[in-house]
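Position 221, counted from 1, in the sequence shown is what this note's numbering calls 221; the numbers after and before it change by one each time, with no gaps.
Check the hints yourself; a few may be wrong.
Stated by the list, open to error - Distance condition first, Cα-Cα at most 25 angstroms in a straight line; then the derived SDA-like pairs of lysine to any residue: (1) Lys174 - Lys122; (2) Lys167 - Lys255; (3) Lys122 - Leu68; (4) Lys167 - Lys44; (5) Lys167 - Asn156; (6) Lys88 - Lys44; (7) Lys44 - Arg221; (8) Lys174 - Lys44.
Note that these hints are calculated values from the structure, not bench results.
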Amino acid sequence: MVKTLKRLYLGLVLLFLYAPIVVLMVYSFNASETRAVWGGFSLKWYQALFMDSDILEALYVTVSVAALATLASTVMGTVAAIGIHSMKSWTRSLYMNITNLPMLMPDIVTGISLMILFIFVKLPRGYGTMLLAHITFDIPYVIFSVLPRLRRMNPNTYEAALDLGAKPFTALRKVLLPEIMPGVITGALLAFTMSLDDFVISYFTSVRTSNLSMLIYSMTRRKVPPTINALSTLMFVVVLSLLLFINLRGTSRKKKSLHSLRSGFQGREYPADTMIKEVPRS
1 MVKTLKRLYL GLVLLFLYAP IVVLMVYSFN ASETRAVWGG FSLKWYQALF
51 MDSDILEALY VTVSVAALAT LASTVMGTVA AIGIHSMKSW TRSLYMNITN
101 LPMLMPDIVT GISLMILFIF VKLPRGYGTM LLAHITFDIP YVIFSVLPRL
151 RRMNPNTYEA ALDLGAKPFT ALRKVLLPEI MPGVITGALL AFTMSLDDFV
201 ISYFTSVRTS NLSMLIYSMT RRKVPPTINA LSTLMFVVVL SLLLFINLRG
251 TSRKKKSLHS LRSGFQGREY PADTMIKEVP RS
């Protein structure tokens with residue numbers, strides 16, 4: 001009875017989360033422009049999507065800003081996490097609180113504060129200011145993802161590489177980064193996702209440049225065209241494929257490492273004199 005209730009609860013949660021997405025994907029193939037009537041299966045909204053210059057330009061701005069912000073914030077956040085991890089305990093706690101503060105603040109506070117900063121320094125708001133804003137609010141998420149991996153690794157590994165003659169950059173690249181790479185990848189994916197669907201900060205930090213969220217918001221004042229359904233379906237499929245690829249790749253790596261470990265133990269021969277003998281009792 002308890003298992004049935006758990007499965008029912010899980011099914012209701014998944015239905016609540018994914019039913020709207022399924023409806024959106026189904027209506028992206030609707031031949032009728034209205035959502036109240038099913039006009040038959042059609043791909044004309046996908047054709048109209050690739051002919052709409054405004055949507056394609058907004059898509060380019062969204063993806064390019066997300067990619068550049070992810071690259072910059074991943075590098076800066078990883079270096080910052082390594083620096084925070086090497087600090088003393090009280091200094092580390094202070095910087096961690098400062099780093100976590102932007103993630104706890106509402107997006108509208110961050111957006112307005114960055115807008116005031118750009119106006120104060122007389123920086124024209126556009127593509128560049130949007131990119132700087134995305135890098136700013138992505139960095140804390142990368143730090144938050146990398147620091148746990150730094151805490152779990154052996155602190156003597158990096159120092160041992162230096163004692164063996166490796167230069168600091170070489171030890172960082174060949175010893176430290178491979179150990180924290182899962183956290184770096186997680187932070188990069190989180191930064192890309194946060195930047196991809198951001199609206200509030202982009203709205204306040206850009207005037208002449210619009211991303212997809214800003215374009216869709218302007219369309220809601222009139223009527224959202226069915227081409228947005230087609231665009232949302234393509235983005236959902238691309239993101240889902242990326243997540244599946246990453247998960248399958250991680251699973252295959254774990255299986256390979258486990259298989260190599262087992263084969264190593266099975267293929268190793270132990271001499272008879274190394275076996276543990278029972279110690280006679282006195």
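So, going through the hints one by one against the coordinates:
The straight-line distance between the Cα atoms of Lys174 and Lys122 is roughly 43 angstroms, outside the 25 angstroms bound, and the hint therefore fails. Among the hinted pairs, Lys167 with Lys255 is inconsistent with the structure: their alpha-carbon atoms are about 33 angstroms apart, more than 25 angstroms. Between Lys122 and Leu68 the alpha-carbon distance is near 23 angstroms, which keeps this suggested pair within the 25 angstroms criterion. Under the criterion of a C-alpha separation no larger than 25 angstroms, the hint pairing Lys167 with Lys44 is inconsistent with the structure, at around 59 angstroms.
Between Lys167 and Asn156 the alpha-carbon distance is near 15 angstroms, which keeps this suggested pair within the 25 angstroms criterion. Among the hinted pairs, Lys88 with Lys44 is inconsistent with the structure: their alpha-carbon atoms are about 61 angstroms apart, more than 25 angstroms. With a CA separation close to 24 angstroms, the supplied pair Lys44 and Arg221 stays within the 25 angstroms bound. Restraint check: the Cα-Cα separation between Lys174 and Lys44 comes to about 51 angstroms, which exceeds 25 angstroms; the hinted pair is violated.
Violated hints for the displayed structure, listed by number in ascending order: 1, 2, 4, 6, 8.
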